Amino acid sequence: MVRKLAVFVAIILIGAGLYFKFALKYPMDEPKITDILKIPTSSFKDCFYKTGDINPETYDCIYTVDEQYVPTSDLEIINIKTAEPAIIAEGEKKENLVITTKEGFDALYNSIYAEIEEGFRPQYPDINFETQNVIVLFAGNSPSSGYTIKPLAVFNNENEIDIVYINISPGPNCIQATVITKPYSMFAIEKIEKPVKFTEVPIITSCPQE
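Add 3 to a position in the sequence shown, counting from 1, and you land on the number used in the working numbering.
No lab work stands behind these hints: they were computed from the structure.
Just so it is clear, the structure is predicted and the values come from calculations on it, not from any experiment.
Errors might be hidden in some of the hints.
Stated by the list, open to error - Computed spacing ranges between beta-carbons, pair by pair: (1) Ser45 to Gln126: 34 to 42 Å; (2) Asn131 to Thr54: 31 to 39 Å; (3) Lys194 to Lys96: 22 to 30 Å; (4) Phe132 to Ala89: 26 to 34 Å; (5) Lys105 to Ala180: 32 to 40 Å; (6) Phe123 to Ile195: 30 to 38 Å; (7) Ala180 to Asn131: 35 to 43 Å; (8) Gly107 to Thr75: 23 to 31 Å.
Cβ atoms here follow ideal geometry from the backbone N, Cα and C, with glycine treated the same way.
Model the full structure from these sequences, guided by the hints.
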């Protein structure tokens, strides 16, 4: 019995010695920060709030090289037809508006299209302000064509509505018309009594060098 116990202890000691010898010779790599941050995600919203990294070509959220998420929104985005950004009368400065009443929208609509004859204005949208709000994004004066602003997603969070939008600028190799434009976007969303937050995602268009 004593002999068997001695053999068993010897085997354990030999095994422990081999383990430490191997560990010293081949130490384990330190965990990478990127590995530590790889918290499982299952949606565009989760990905956006964890990384904020948007593919400039597809607008997908990039979580890892092999894991990207197509934009999805908690609230439906109902786009409103607009006129060309070079011919509107408003939008010189960058600002975002939440229009909650028909009277407010009428005033803005007439102000934006003041220099366009009524028969040539975009069709007046069918908006029910009892259940919907209109969101207007103004990018401000831009020195050329190629600038765009538009919604990416609207997140209905616990304490706020977060309107995520992309502000697109042409890259240095992009050839654009030299004309002052005032990029803007209008869309309707469900009316929810929460504060509205705007989150901008700047994107620069990549153009091949001539």
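Given the range 23 to 31 Å, decide if the beta-carbon distance of Gly107 to Thr75 lies inside it. The hinted range 23 to 31 Å holds for Gly107 and Thr75, with Cβ atoms some 29 Å apart.
Quick check: does the Cβ-Cβ distance between Ser45 and Gln126 fall within 34 to 42 Å? 39 Å, holds
Between Phe132 and Ala89, does the C-beta distance stay in 26 to 34 Å? 29 Å, holds
CB-CB spacing for Ile195 and Phe123 relative to the 30 to 38 Å hint: Because 35 Å falls inside the window, the suggested range holds.
I want to verify a distance hint. Is the separation of the beta carbons of Asn131 and Thr54 within 31 to 39 Å? 36 Å, holds
Can you let me know if the beta-carbon spacing of Lys194 and Lys96 is within 22 to 30 Å? 26 Å, holds
Just tell me: holds or violated, for the beta carbon distance of Lys105 and Ala180 against 32 to 40 Å? 36 Å, holds
Return holds or violated for the Cβ distance of Ala180 and Asn131 against the range 35 to 43 Å. Given about 38 Å between the Cβ atoms, the range holds.
In this structure, none of the earlier numbered hints is contradicted; all agree with it.
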